[in-house]
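Colleague: Could you slot chain B onto chain A? The hints should help.
The listed protein sequences derive, respectively, from chains A and B. Residue 1 is where the first sequence starts when you use the working numbering, and the numbers rise one by one after that. Residue 1 is where the second sequence starts when you use the working numbering, and the numbers rise one by one after that.
Hints in this document: simulated from the structure, not taken from any laboratory. Treat the hints with caution; some may be incorrect.
Here are the simulated DMTMM-like pairs of lysine to aspartate or glutamate, each with C-alpha atoms no more than 20 Å apart in a straight line [said to hold, decoys possible]:
(1) A:Lys275 - A:Glu247
(2) A:Lys394 - B:Asp76
(3) A:Lys123 - A:Asp336
(4) A:Lys251 - A:Glu181
(5) A:Lys55 - A:Glu45
(6) A:Lys231 - A:Glu181
(7) A:Lys55 - A:Asp44
(8) A:Lys380 - B:Asp76
(9) A:Lys394 - B:Asp72
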Amino acid sequence: MRKPLLVCLALAAVVALVATAAQAGTHKAKVTNVTLAGWSSGPDEDQLLNQVIAKFNATHPTIHATFSVINGDYATAMTARFAAHNPPDVFYVDSSVAPGWAAQGVLEPLNSYIKKSKYDTSKFYPRLLNAFTIGGKVYGFPKDWSPLAMEISNAAIAKVGGKAPKNWAQLQALAQKMAAENAVPNGKPICLSADWARLLPFVFQNGGSLSNIQSAAVKQAVNFYVGLIQKGLAQTPDKLGAGWCGEALGKQSAGIIFEGNWLLPYMSSTYPQVKYGIYPMVKQKTGGNLGFTVSYSLAKDSKNKQAAWTLLSWLTSKQGQTLWISKGLALPSRSDVKAIGGRQAFLSAAPYVHGWGFPNFSTAYSIMNNDLSAVITGSKSVDQMLADAANAMKG
Amino acid sequence: MAAVTEAARAPRSSMLGVKLREAGWGYAFVLVPMAVFGLFFIYPFAYMLYISFHHWGILGNQGSAGWSNYHDVLSDPIFHTALKNIFEYTVGVVPLEMALGLSLALVVNSKIRGRNFFRSAFYFPSIASSVAITTIALYIFNANGLFNRIFGFHTPWFTTASTDTWAIVGLNAWTTSGTIMLWYLAALQAIPTDVYEAAALDNTGAWRTFWRITFPLLRPAHFFVLVVFGVGALKLFDQSYIASGGSGGPNYSLYNPVIYIYRRAFAGGAGDFGHAAAAGVVYFLIILALTIVQRLTVGRQEAQ
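Only chain A is shown next, with the shape it has when bound in the complex (with noise of 0.2 Å):
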């Protein structure tokens, strides 16, 4: 009875070993596989990234590099690969996470694939470098940038007749003036998250920093933000029926909104039919913004090192980069990649922007923004809320 079983069982052991030995044999054509993991804004993103990864592909006959999208919760998905010994080989890698990774081990340091390959990084604009580069290491080359803008919706300043703000006083009249004749009848006139990266910009500009945090010009601009909200001039985009302050812009409950060149792909896809305008971000003591950028970097425990750098360097290079930018999707991360045009309002934010992310970053910025939404409703002091920021970036 048994018999006819075993025989069974050999014989496909026996299929099973041929099968493998005839894949072995058509990778003989010596294709390396390498594999690129990132997250996506939607389909135009991925379609857009696929052909850049297409065209290298068809340029680099011995590489075959496929691009994996991981949506929802990208470091906590990464965090889990990392755990396993089996990351991607070339990842995205946002400035905030960037120092946390590197110390924990993860990335590999690019200086000695510099090196050997006589790679320029000079063209990188150095602000967004710095961003990825700890202790001298190099851990990744920014893939692109933005910073924020400031953005009005036609409708609500044509209705009061203003011109676009650019210190706090004339954005604090021109909220007065559409909160007075009613200009964003469904809403608030300004948009404002409970969130130190929107918050961030403001310390900035009232001559603030994160390493002395809980001084008075921090103080003062964390007052004139939260004051905002508690005159009446703007709310959390929560309370005007949204889940981030662009879709506040499009359902037009918000006539001003701070937000990044991810703005306009949202809007011309989800809210074609509202039209808003693009200014620099407001002054106060001096330019003040935030430069959200993210890398490409090479994982520590990949298998394909040369491959993986040569995908890499080759996506950041001018070539890659310029099709990569060539949709707008973003604005080039290096000095000799023209980003396509309506972009001056966020390439101007340039000389004053400050790489987004700060010490213990995970903890901290959870910290910050709970306190920053019991500022918000009066529940905590704004010197608790900066005692606490201070404690918790110390880590």
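Modeller: For chain B alone, coordinates are given in the frame of chain A:
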């Protein structure tokens, strides 16, 4: 004499053999589930204990930590807030879902028309995905959502610090009530009809019958539901995660121990597994202590 002992011994030893063999089969049958239990529960738990005493990053062990992870977690005000929040939630949700589940069970146990339809309809929220339900609830209860339009409010119920816990209490009481209804329905149908007949002979009213007969006879079901759904409530994660976008906010109002563990281990690529494991062990001990207290109080009464 010898023959008698011989005769008596023979069956006894063969009985022993039968018993042994039966036990052997018994162990053989439990071997597979026990192996699964060991591999997926005991081993990870022991490993978590080990991790909790180490500085443990994304790539593994970075050296012994002694009790420092435990010290950090126990002295972290956010962990205290998380515990306070989850106890508030549990005390709110468990009685509500039990009351709702029992009411539904009474409805579908009565002889009404379309009973089977109601049984499926009431059970439906329990089988729908909690992620989908929460996402839709967020739409319905947002600032300009359906709920506010009908009732004339402007509060985003799931993202306002003072209301979000209660919004989730309401949502989860509704989604779990179907499952609780099933347990109560089974228990209701196990109550012998003669006690009701006796009550009817005594002319007992429906209200009195329920409180004097049905409710006390459901005591095993009460205990079961209380333990299972009490522990279930303490493991709240999805709804808080989705409503707060993973931040536990605004103002820590949706922070709970599982969110705390998640944030320490994974959120933003944190990779602080030592602290996360210590928080996991502490929370396990708290739930264990609560369950023991529950058994000693409610459980003992039930046994009597």
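Colleague: Starting from A:Lys394, check that the Cα of B:Asp72 is at most 20 Å away, please.
Modeller: 14 Å, holds
Colleague: Given the hint that A:Lys394 pairs with B:Asp76, test it: the Cα-Cα distance must not exceed 20 Å.
Modeller: Measuring from Cα to Cα gives roughly 14 Å; hence the hint holds.
Colleague: A:Lys251 and A:Glu181 were given as a pair; does the straight-line alpha-carbon distance stay at or below 20 Å?
Modeller: Holds. A:Lys251 to A:Glu181 sits at ~19 Å (cutoff 20 Å).
Colleague: Check whether the Cα positions of A:Lys55 and A:Glu45 lie no farther apart than 20 Å.
Modeller: 15 Å, holds
Colleague: Sort out whether A:Asp336 lies within 20 Å of A:Lys123, counting only the CA atoms.
Modeller: 6 Å, holds
Colleague: Can you confirm whether the C-alpha distance between A:Lys275 and A:Glu247 stays at or below 20 Å?
Modeller: 13 Å, holds
Colleague: Below or equal to 20 Å on CA atoms is what counts here, so check A:Lys380 against B:Asp76.
Modeller: Roughly 18 Å between the alpha carbons, so the hint for A:Lys380 and B:Asp76 holds.
Colleague: Has the given pair, A:Lys231 with A:Glu181, been kept, meaning a C-alpha gap of at most 20 Å?
Modeller: 16 Å, holds
Colleague: Can the restraint linking A:Lys55 and A:Asp44 be considered satisfied, given a maximum Cα separation of 20 Å?
Modeller: 17 Å, holds
Violated hints: none; the structure is consistent with every hint.
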